[in-house]
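Relying on the hints, combine the two individually framed chains into one complex.
Same order as they appear, the protein sequences are chains Y and W.
Counting from 1, position 169 in the first sequence corresponds to residue 169 in UniProt numbering; the numbering is continuous, with no gaps.
Counting from 1, position 191 in the second sequence corresponds to residue 191 in UniProt numbering; the numbering is continuous, with no gaps.
Any given hint could be a false lead.
Computed list of lysine-lysine pairs in DSSO-like fashion (alpha-carbon distance at most 30 Å, straight line) [as the list claims (entries may be wrong)]:
{"id": "1", "chain 1": "Y", "residue 1": "Lys170", "chain 2": "Y", "residue 2": "Lys70"}
{"id": "2", "chain 1": "W", "residue 1": "Lys205", "chain 2": "Y", "residue 2": "Lys274"}
{"id": "3", "chain 1": "W", "residue 1": "Lys339", "chain 2": "Y", "residue 2": "Lys307"}
{"id": "4", "chain 1": "Y", "residue 1": "Lys274", "chain 2": "W", "residue 2": "Lys339"}
{"id": "5", "chain 1": "W", "residue 1": "Lys315", "chain 2": "Y", "residue 2": "Lys274"}
{"id": "6", "chain 1": "Y", "residue 1": "Lys274", "chain 2": "W", "residue 2": "Lys59"}
{"id": "7", "chain 1": "W", "residue 1": "Lys205", "chain 2": "Y", "residue 2": "Lys307"}
{"id": "8", "chain 1": "W", "residue 1": "Lys315", "chain 2": "Y", "residue 2": "Lys307"}
{"id": "9", "chain 1": "W", "residue 1": "Lys315", "chain 2": "Y", "residue 2": "Lys70"}
{"id": "10", "chain 1": "W", "residue 1": "Lys333", "chain 2": "Y", "residue 2": "Lys274"}
Calculated Cβ distances over 12 Å to all of chain Y for the following chain W residues [stated by the list, open to error]:
{"id": "11", "residue": "Asp84"}
{"id": "12", "residue": "Ala106"}
{"id": "13", "residue": "Asn132"}
{"id": "14", "residue": "Gly156"}
{"id": "15", "residue": "Tyr161"}
{"id": "16", "residue": "Pro186"}
{"id": "17", "residue": "Lys205"}
{"id": "18", "residue": "His277"}
{"id": "19", "residue": "Phe357"}
Here's a subset of chain W near chain Y, in silico, CB distances under 8 Å, partners left out [as the list claims (entries may be wrong)]:
{"id": "20", "residue": "Ala254"}
{"id": "21", "residue": "Val299"}
{"id": "22", "residue": "Ser313"}
For the record, the hints were derived by calculation from the structure and aren't laboratory data.
Fair warning: this is a prediction, and the values are worked out from it, not measured in the lab.
Ideal placement from N, C-alpha and C gives every residue a C-beta, glycine not left out.
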Amino acid sequence: MASSADNSLTEQTTPDLRHEVRKPKKKKVLLMGKSGSGKSSMRSIIFSNYIARDTRRLGATIDIDLSHVKFLGNLTLNLWDCGGQEAFMENYLSQQRVHVFSNVGVLIYVFDVESRDVERDLATYVAILSALLQFSPQARIYILIHKMDLVVPSSREAVYNDRVNAVRSKTMEYAAHAMGGPAAEALDLIPFATSIWDQSLYKAWASIIHDLVPNLSIIERNLANLGLAIEAEELLLFERTSFLAVSSWTSPEGQRNPTEDRLERMSNIMKHFKQSISRFTGTPRNAEQFIRMEHKAGMRFSLFILKFTTNTYLMVVLPPGEARFNAAMLNCQIAIQHFRFLDGPVAQPPAVSAAA
Amino acid sequence: MDAAKSSAQERDAAGKDAPKPGDAAGASAPASAKGKPRLLLMGQRRSGKSSISSVVFHKLPPHETLFLESTARIQKDSMASFMDFQVWDFPGQIDILENPDFDMEAIFGQVGALIWVIDAQDDYLEAVARLNATILALQGNYPLINIEVFIHKVDGLSDDYKLDIQRDITIRIQDELSDHGCENAPVTFHLTSIYNHSIFEGFSKVIQKLIPRLGTLESMLTNLCRTCRFEKAYLFDVLSKIYIATDSSPADMASYEICSDYIDVIIDITEVYGTWHRSEDGRKKLEGAPWGVKLEDQVGCATAESCLVLHDSRKPIMLREVDRYLALVAIMKEDSYDKMPLVNMNVDAVVEGLTEFFNITRRKG
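This is chain W alone, in the form it adopts within the complex (with noise of 0.2 Å):
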């Protein structure tokens, strides 16, 4: 949790490489960006993709994200965290399929998603039909890119409105794949809005998908959930409140929104009483009698371990830190917090079994 600063800097680093939509977009990428899967982020112009990076990558306040201005050049982020990915950011008035200049291995070639951004709440019709042509183009040479849809600004509308617009959207991107003999390509449709958590929702469905095994992750949870009886449980990335991965049962947007803010209100916490250094006098006083161990022997466990127990329910809520960039939350069962104890071991276990994990998938990577 102590990472919180950086992605800010390397915004700045990223900012300035960034190069000109003439130029062979890529070519010029640096070389310790090879291999890290990358977001594409495509749309019409004014649909809110910059926004969206803005607000899930470098905490933007979402309302200050009127004052962005139109973005005139491939923008690119890259995002030091569990799994280091590049974003990037496309201008909406460039449309790199009828232009030439731009080397389309080079920005193709390593893409983990392609996020299309649609705004919801203006005509769609254009932004569809270039969705469709982007799709048919990149289905020849490029069938592993995952296609995700952002139905954007949903915000405001009425559930069934929402769901009227997914549907239309749906079904006119289908008809004309498959029109066009083009059954299964890999899209997949999401409503977010920056004014609420969908949006890191959306991502954090995007990131699972190029989580390599999360498969074994997921089991991981599930089982852990079943054992401790959690109802819920959420293996987040702390800096972008993504989650890489969560049990099978299903998730809800309001156990997410209330885990992702409980690490935020920790991190505050830390942020007043975790960051200065105490004196060695205080520390010989607390190893002194009657305690008489080292200050290391007496704490229970190394990294941040958290737990909130809730009014009415009386449903604990539990966090515990995985390593710098993750931690596991989890919404337990009605009464459990005398089984703390127990609880603890069990997420113990798991978190060595985390750590392992992320060992073997990341010499890999």
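Next up, chain Y with everything else stripped away, as it sits in the complex (with noise of 0.2 Å):
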């Protein structure tokens, strides 16, 4: 598959932009971890608004769960939720080893917070990992040690922390063991501490989507002239149908708020409110709920989001003034056409349609 797709590229000689945008595609971000940790559980929260509740009707996986979320338009995500039970776990790593562990752009190792037998789950991580070494030694690894909400509030942080270094040691031992000393270095594993039960797991899978979305620094770029341009404080753009926040601008004045985890507040917030819109209007939980939400709360601040480009929204928080909202608002608008390009191969930026 990987080959035809490089065929097409060289093909078409696009230009080195094109290619960056293309890439990712490709690339599989594989989910992880012993049967019954959570893997689909916040897969079916984040992609397709579960809200924590209902997981519990999810039943077991059974073998890899396939699925192609489209994210913004232009990238896939190429998720493959793979079922923890140890036949299958087996399985990948023998007869599927090529299948399963080539051309990875992801890993996310799921640990059950609760598992009583951690050496063992520690096992089974590093005979996956020495498989993804083997065949795709660029892909980045995440570990979510999950289901946190069932640790003690003031045992959490201790108990993270000593999940993660275990995990840690693990790895550096197996890649100095395997690979050697430089490249056991180079290798990155990028911890979180998750839970269904509130906004950790927005924060983690913002982290995740953030590394894989093209064309960023646009983005990025773009978002903070825009924040200059109307005297935000901060703004967030939101995926459609996730809700999770693929980018923010924040102000030097709104870097001093105190909330350090607005960005995945926001994110369950929106996504709570979207499930009531959706009893209310009868409306699938993925369709888009609403329009535009503003709100002025008097000398504090005001704040309004918008339905921004296709596959977007845009929040953007704003100093008080009514003027201000308003030529905020119609900026706002303005500028969606400069935001066009996350909507989908098509409306690629200008070298494309140079091309073309």
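Structure below.
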């Protein structure tokens, strides 16, 4: 499959930019971890707008559940949700080894924090790691310590650090043994503590997605320009269905906001509200629920969330002021055309239209 | 909307001075409690009284009520809200009619409403019998007490079955009462569950009966709906999500739920972005060129106002903060977003009217 895609790319003699855009499309995102650790639950919440309660209805994943999640129009996540029962795991590592582990962009490995047999979990993890390093040494590795809500709040940090250190030392141990010093040092794990019952899940996934989004630097530059022009305190760009924050910009004043986790909190708040609206309107959960939301909190701040491009919503936090608010709203609508390239393969940045 | 947390402390304070059932209940109630309407929660044990008061007044997530312990003595809560009222949660195993230690006058003397909770998923004959005895006992001395029957735990029951149960209970109570010659007792029935908004709706209706001059409030809202072409308008108590008034068009659960959830969203967003203080320098910059006006004069409305436009029907939903405790939420007609400025002016007038109304009624209360 990969080779045919490469051919089509060379035939078109596309500029480098195009190549950069296409590349992440092909890469797999592997979601792995022990059976019952919560892989399918988190996938359903993020991409299918389940609420945490609903995930109880999910059954065990048999073998690999392949899904192509459309994200931002031009990025298709090739998500492989791998059932975690031991028989399947062995199968991935033996017969399906090449099939599963080649061309992986991201491995998300989920550890159940409640697991009683940590040693065994780690052993499985190392086996997976070895296969991954063999076929896709460039893959990024995310470690999610999941179900953190089951740990007493006071000891959460300690338990989390403990687990992450254990995983890290195992990884280093293996890498040093298999690849030698310098390669092992380049290996970087990105750990997160997650739970489906609060916003921590959105933090992890926003970060995973963030790295996969093409043209990120253009988005960030455009957002910064827009933010300065409209005197905003903060801009958040959300993906339409998952309401994950794709990118953000914060003014120096806005950075003084003591709420550190506001991106994922906003994702969480809006996602829940989307569910309420879908109950009210009777529309499907994945459909668009609203086109704009405004809130002016007197002398404190104003905020609006706007249907932005086809696949995104833009949230703007502004200082108070009626005129400022209205001007910003108009300006954001004008700015939409500068973000059109987010909307799928057709509307690429200018370089492509020149080539066509 | 700043007062979101104050009610939690109220409970602690109220819990401490809750007397043992043997005490002359109410006699030891703090003097400040005088004059507050009182809601009594009664019913069989395990019918869900404490769960109700935890969910409605303390924002406990419904599934966590499983861990609530059985109530051993009268639990008194007071709600500091638009209308200060007290909630007394009675242990189900104690029958106040048979226990001579209770001072009936202290309990029922200034009651606003008696809420009798019946577990619909259990055998309710005994509960109905006790309720009948209680109503008959109260009719003699305290005929003005509203009796509200919550047919509770109806989630999971089919709509037909729910109505069957309600009809059955209604008939049993009315027959018994008319046998004893008491035809017009103020008994009302509500189907409730803590797992959806029905419990809030039930409480809303209970509270509304205790509001002096509710009709004036309702006609204000009805007028607003007519002039602005609103489909439905609710005046919410922000803390408890109880609506204290609505316009005259029929209330449906769906519109109540979306309005109530909208308030939640606004509270959550305000917590993220509205609770920290911006710097003086930033403020100076905002008041400088090109604006050149004090920030106070730049804002259109001193209290929170908000609006949301739905995707499919293009219906806007608007929210307006009335005072610390109250918010006006309304569902508007399709495609009326363009009329928002006009609507805001009308809402301004209504908010002014509401403020005046509460100033007058509060002074009398």
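- In rising order, the numbers of the hints this structure does not comply with: Of the numbered hints given earlier, those the structure breaks are 1, 7, 18, listed in rising order.
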